[in-house]
Structures are given as structure tokens and as C-alpha cells.
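Chains as they are written, first to last, in this note's numbering: chain H, -6 to 258; chain Y, 254 to 576.
Hints in this document: simulated from the structure, not taken from any laboratory. One or more of the hints may lead you astray.
[Said to hold, decoys possible] Derived DSS-like pairs: lysine-lysine, alpha-carbon spacing no greater than 27 Å straight-line:
| no. | chain 1 | residue 1 | chain 2 | residue 2 |
| --- | --- | --- | --- | --- |
| 1 | Y | K263 | H | K93 |
| 2 | Y | K351 | H | K253 |
| 3 | Y | K479 | Y | K435 |
| 4 | H | K253 | Y | K269 |
| 5 | Y | K365 | H | K93 |
| 6 | H | K253 | Y | K263 |
| 7 | Y | K277 | Y | K263 |
| 8 | Y | K260 | H | K93 |
| 9 | H | K93 | Y | K351 |
| 10 | H | K253 | Y | K277 |
| 11 | Y | K370 | H | K93 |
| 12 | H | K166 | Y | K269 |
| 13 | H | K93 | Y | K269 |
| 14 | Y | K314 | H | K93 |
| 15 | Y | K511 | H | K253 |
| 16 | Y | K390 | H | K93 |
| 17 | Y | K390 | H | K9 |
| 18 | Y | K397 | H | K93 |
| 19 | H | K9 | Y | K370 |
| 20 | Y | K390 | Y | K370 |
| 21 | Y | K329 | Y | K314 |
| 22 | Y | K329 | H | K253 |
| 23 | Y | K501 | H | K93 |
| 24 | Y | K366 | H | K9 |
| 25 | Y | K351 | H | K9 |
| 26 | H | K9 | Y | K479 |
| 27 | H | K93 | Y | K334 |
| 28 | Y | K277 | H | K93 |
| 29 | Y | K511 | Y | K501 |
| 30 | Y | K498 | Y | K511 |
| 31 | H | K9 | Y | K397 |
| 32 | Y | K524 | Y | K546 |
| 33 | Y | K365 | H | K9 |
| 34 | H | K93 | Y | K327 |
| 35 | Y | K435 | Y | K334 |
| 36 | H | K253 | Y | K327 |
[Stated by the list, open to error] Among chain H residues calculated to face chain Y with C-beta under 10 Å, some are:
| no. | residue |
| --- | --- |
| 37 | Q3 |
| 38 | Q5 |
| 39 | L7 |
| 40 | L13 |
Here a beta-carbon is modelled for each residue, glycine too, at the ideal position from N, C-alpha and C.
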Amino acid sequence: MESNRSFFVQLQVLTKRMVLRVVRRPLAELPNLIISAFFLFVYDGALGGVFGGTASGTPFDFANGNFINFILPVSIVSASLSGAASGIYLVEDIESGVFKRYQSMPISRWAIILAPMNVGALRVLLQAGLILLIGKLIGADPVVGNVGFFIVLSLAFIWGMGFAGYSVAAGVKSGSSQGAQAATFLFFPAIFLAPTFVPREQLKGWLETAAAYNPTTYVIEGMRSVMVQGWELDILFRGFLAATSFAVITLTLAVISARKATEKA
Amino acid sequence: MLAVDVKNIKKTFVTKQETVEAVKDVSFQVEQGEIFGLLGPNGAGKSTTILMLTTLLSITKGEASILGLDIVTKDKEVREKIGVALQDTGIDNLLTGKELFFTTCRLWGYSKKDSEKRTMELLELVGLTEAADRRVKTYSGGMKRRLDLGLSLVHSPDILFLDEPTTGLDPGSRRVLWEEIKRLRDNGVTIILTTQYLEEADELADRLAIIDEGLVVAEGTSDELKASIGGDVITFSFENDSDLKNAKNVLNDAIEDKDQLRITVENGAAKIPSFINDLNKNGIIVSSVSASKPTLDDVFLEVTGYRLEGSAGTDSSNELEVK
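Start from the sequences and build out the full structure, keeping to the hints where you can.
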């Protein structure tokens, strides 16, 4: 029998295996998938009345009459946190001994580490795509046209990869899936230390300062620009820069920690 | 060429709290096509030795080679030659047996078509064809072990490392696995297995090494090790502790084993009357006595000074009850 050990085949096989794992435990995955969509409805229901159509022409009209355009990025950014599942998938393999089995085989270490990150990224895309679809159905309409949805999805993907990298690093470091999960909660406050519900100009005092140093701010503002303002290239650039920088930093951390994990004791 | 050549390997784990010498000095050689057993209690250093030989753990000192390949400098090549089924290598419970074999075949580099073919061959080999489409979480312990064994055979390795392959299995499942291991040996696969079961070592291993506290304390075939004790084992039981204590003074070469005394002599059965006479003369009452050929259990007791937990004790053949 012929043998061809391509890195890409290994990555594809390991990713497919992990996708099967995810699909076969829907009760563990579905709540995460729908929670951000749920928050989209809640935000729109609770705040849409104040900042939505009825605020048209007032200083509270942050969204040019379409509040769903304004709040959609918040749901997308919180959905990107689901990229953190990557670390949990990897640590589950470490805990169950599957990781050790792969280590005993001539498989690329990179394929072992990248497979769960691939699945994390796919999960972000699926979750963000679902929210965009729901958003579209309930009236989201980017001012730059439908290409705005693509831009939002791209930012979500990069931001999600950042969380995937962070969770892999945290998971390997902590050595437990609970540790990986707990570490990702650190980022939850970051969503609210940002211009989540009102534009940054409306934030005051310490929250204004915190938001200025929080990369989430720039990602939300980048998404919001194509949804509400139009082609504001400098805002969009800052959004992509923040997301990409975050992803590069956390992926580097993931690689360093994964390298340590695969070294012999 | 030797299948496995281990020379004075040592493994020390250093943490902030302590330094543990898991393997102090282990050497052995394994010929191609034989089953070599590493027998010892939990914590003896068996699994650590296997982890080092399978390139999953670094060696602190010493050297070892697999089919002439140094396990430190040629670790990638070594992994091509070996199959590994460790105690703590996991199986993905959410996948089916068939999916696991197929995935593993693909990871070893087989094409999709060849992977399908090899999957069916291996399912047949380990007797899991009928359960192929069931998720592994529905498998019994014995089926999982057979699956584990099958997964380690995907690439037709020359050498197979099995770390306590039957631990936790019922006697029936254990025997099924034994037969499969023997069949592999008969097909030319060299097998290194660890076990804490004397019966398993006796049944499977062509040669074995007894490991205790990180050291090889005895090595040879099962018969050689038993013969090394010399003669038969006579076991005496007594009415009370006082008699046991006094008997130790009469039978100077005897080893105390729980509430019994054991002595190894040539022609054991013939010498029993004379031993009993000596004891009776000293007012010691023997409640029972038996003579048997030495077992691995006796060898283990002889070389380590204690019994393996859960071991069966002496063979009951030639047992003579004295009332």
C-alpha cells in the first residue's frame, strides 16, 4: 500500500475527526450556538425602543434609525468568543490520552495543534453567519450594502482565531478543559468595557479610558462603521489591525505553549 | 539484529518539590519475533521504561535502540517501526470503530482506498467487524482493548509495545487478547508487554524481566527463573503465631510469607517427613504442609522479598495436608 503523509492531509483528517466530535454532541454545542442570537433579540428588544426608530432625529439616534445595524456587531463579537472552544477541544484530547496516541505516531505537531483551531474558527463562522442571517431577517441593512456582512464576518473570523489561539495557550498551560474554559471568561468583561450600547463619545470617565485601551472597541467600531456610517477606511483599518494584532499575539502564545506540551518530559 | 537493546537506562523526574528516580538502571535485550514481558508491581518503572522506548519520554541516562536505531537521535525512524498501545493512550469514544481505523490509516499516510481496505482487514483481525459502525463508547472494556491493539497495528509495525494490555479485563476477555497477542508473535511481530499479572507473564512471555523499584532484579525464561530458585517449594502453616516464630528458628533457611513459612529444597516431597519430625521435636504443631514446583510468584518473592498484590500463591499440586 502506498503511503503519503502530507501535512495538509493530516490537518484535514484531524479537523474532520474533530468536526465529527462536535456534531455528535449537539447538546453541548447548541446552547453556545444560539446564545449570541438570543442576546441579539434581547438587545434589540430592550434598547431598540430607546435608540431605535423612535429616537430618530434625537441625540440618541446612534444608528440612523436602524438600531439593529448598531447592535449587531456586539452580538457578533460575543459570538467570536466561541473560538475559545478550540482550547477545550485540544485539552480534551490531552486528558483522554488521544493526544499521546498522536504523539507516538509520525504526525506533524502543527497539524495536531491547528486542527482544533480550525474547528474553533469554523464554529465562529457558523455562529456569526447565523447571527447575520437572523439580523438580516429582522432588518439589518449595512449602509455599504451586503458586502458589509462579508466584512463583519471577516473581522469576526480573525477575532475568533485570536480567541482560539488564546484558549489553546490557556488550555495547554492549565492542562484541563475547565482551566481553558475559565480562562476565556477573562475576556467576557472586555465586551462591556467598550462602546457596546452607545458610541464611544458617550462613554465617560474610567470607562472611556478603558474602552480606548480595549481592542474590542476597535473591532466593534470597525464592524459598526460598515453597518451604520459607510466607508470609513481609517476606522475599518483600526478594526482589522486590532483583530489581527490580537490574533498574532495569541497564536504565538499558542504555538509556544503547544511546543512545550509536545516536548518530551 | 536485536529488536530492542536497552543499556542502563535511567529516568529521573525533577520537580520543585522532589526528585523521583522512576527508573534507576534497566537493561535488557529482546530478540526479533519474541514476546518479552516486563513484570512488576505498580510504580516499579515498567510504564516509564516503555514511554522512553516509544520515544514519548526522554532518557536521563543510558542508551537504547530499536532495530539498531537509536531512540534519541533516530526517534522519527523509530516511530515508523513501532506500534504503541499504552495504558493512558486514549480512544475517541464519539467515533465508531470503523471511523477510528480509517482516520488512523489516513494519518499513517494510506490513500482513501487503501485506508478502507486496511480498516476492514483490521476490524476482522481484532474481531470487531460486527461492531464496526457502533460508537466506541458502546464497546465493552475487552472490545476497547482489542480496538486499541488493532489501532497500534495499522502500519504493520515490526515491534509492538503493550503497556498492561489486559488490566481491568475479565478472565474471558483477557484470554481472547492473549490469543491475539500470541498470533501476532507467530506472524513475526516482536512484542514487549508490561504486566503485573504473574499468570499473564507465565502464559505469554517467551522471556521476561522482573522490575522492582526501577531495577531489573531477574531476567530469563519463565522456566529458567523458576529453576533458578532450585528444587521444590515447601510451605508450612501453623496453629498459632508462637509456633510460626519458633519454627523460624528451626528452619533457618525458610522465608516468612504472611502466616506461613516457605523453604526451597531439592526433592521437596521426600523431605517433608524429616522437616515435620524436627518441628515436632521442638513442640511445634504444623497445621498443614505442601510441596510444589516453584511458580513465578515464588520467583518474585525470592528476588524482591514480597509478593505481587493479588497474586495467586503457590501451585497447589502435590499439596499434602497434615493434621
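Here is what the structure says about each hint:
| no. | hint | verdict |
| --- | --- | --- |
| 1 | Y:K263 - H:K93 | holds (22 Å) |
| 2 | Y:K351 - H:K253 | violated (33 Å) |
| 3 | Y:K479 - Y:K435 | holds (22 Å) |
| 4 | H:K253 - Y:K269 | holds (18 Å) |
| 5 | Y:K365 - H:K93 | holds (24 Å) |
| 6 | H:K253 - Y:K263 | holds (22 Å) |
| 7 | Y:K277 - Y:K263 | holds (5 Å) |
| 8 | Y:K260 - H:K93 | holds (25 Å) |
| 9 | H:K93 - Y:K351 | holds (21 Å) |
| 10 | H:K253 - Y:K277 | holds (26 Å) |
| 11 | Y:K370 - H:K93 | holds (26 Å) |
| 12 | H:K166 - Y:K269 | holds (17 Å) |
| 13 | H:K93 - Y:K269 | holds (25 Å) |
| 14 | Y:K314 - H:K93 | holds (23 Å) |
| 15 | Y:K511 - H:K253 | violated (48 Å) |
| 16 | Y:K390 - H:K93 | holds (19 Å) |
| 17 | Y:K390 - H:K9 | holds (19 Å) |
| 18 | Y:K397 - H:K93 | holds (17 Å) |
| 19 | H:K9 - Y:K370 | holds (20 Å) |
| 20 | Y:K390 - Y:K370 | holds (24 Å) |
| 21 | Y:K329 - Y:K314 | holds (20 Å) |
| 22 | Y:K329 - H:K253 | holds (18 Å) |
| 23 | Y:K501 - H:K93 | violated (51 Å) |
| 24 | Y:K366 - H:K9 | holds (17 Å) |
| 25 | Y:K351 - H:K9 | holds (15 Å) |
| 26 | H:K9 - Y:K479 | violated (53 Å) |
| 27 | H:K93 - Y:K334 | holds (17 Å) |
| 28 | Y:K277 - H:K93 | holds (24 Å) |
| 29 | Y:K511 - Y:K501 | holds (13 Å) |
| 30 | Y:K498 - Y:K511 | holds (12 Å) |
| 31 | H:K9 - Y:K397 | holds (22 Å) |
| 32 | Y:K524 - Y:K546 | holds (14 Å) |
| 33 | Y:K365 - H:K9 | holds (14 Å) |
| 34 | H:K93 - Y:K327 | holds (19 Å) |
| 35 | Y:K435 - Y:K334 | holds (19 Å) |
| 36 | H:K253 - Y:K327 | holds (20 Å) |
| 37 | Q3 | holds (6 Å) |
| 38 | Q5 | holds (9 Å) |
| 39 | L7 | holds (7 Å) |
| 40 | L13 | holds (6 Å) |
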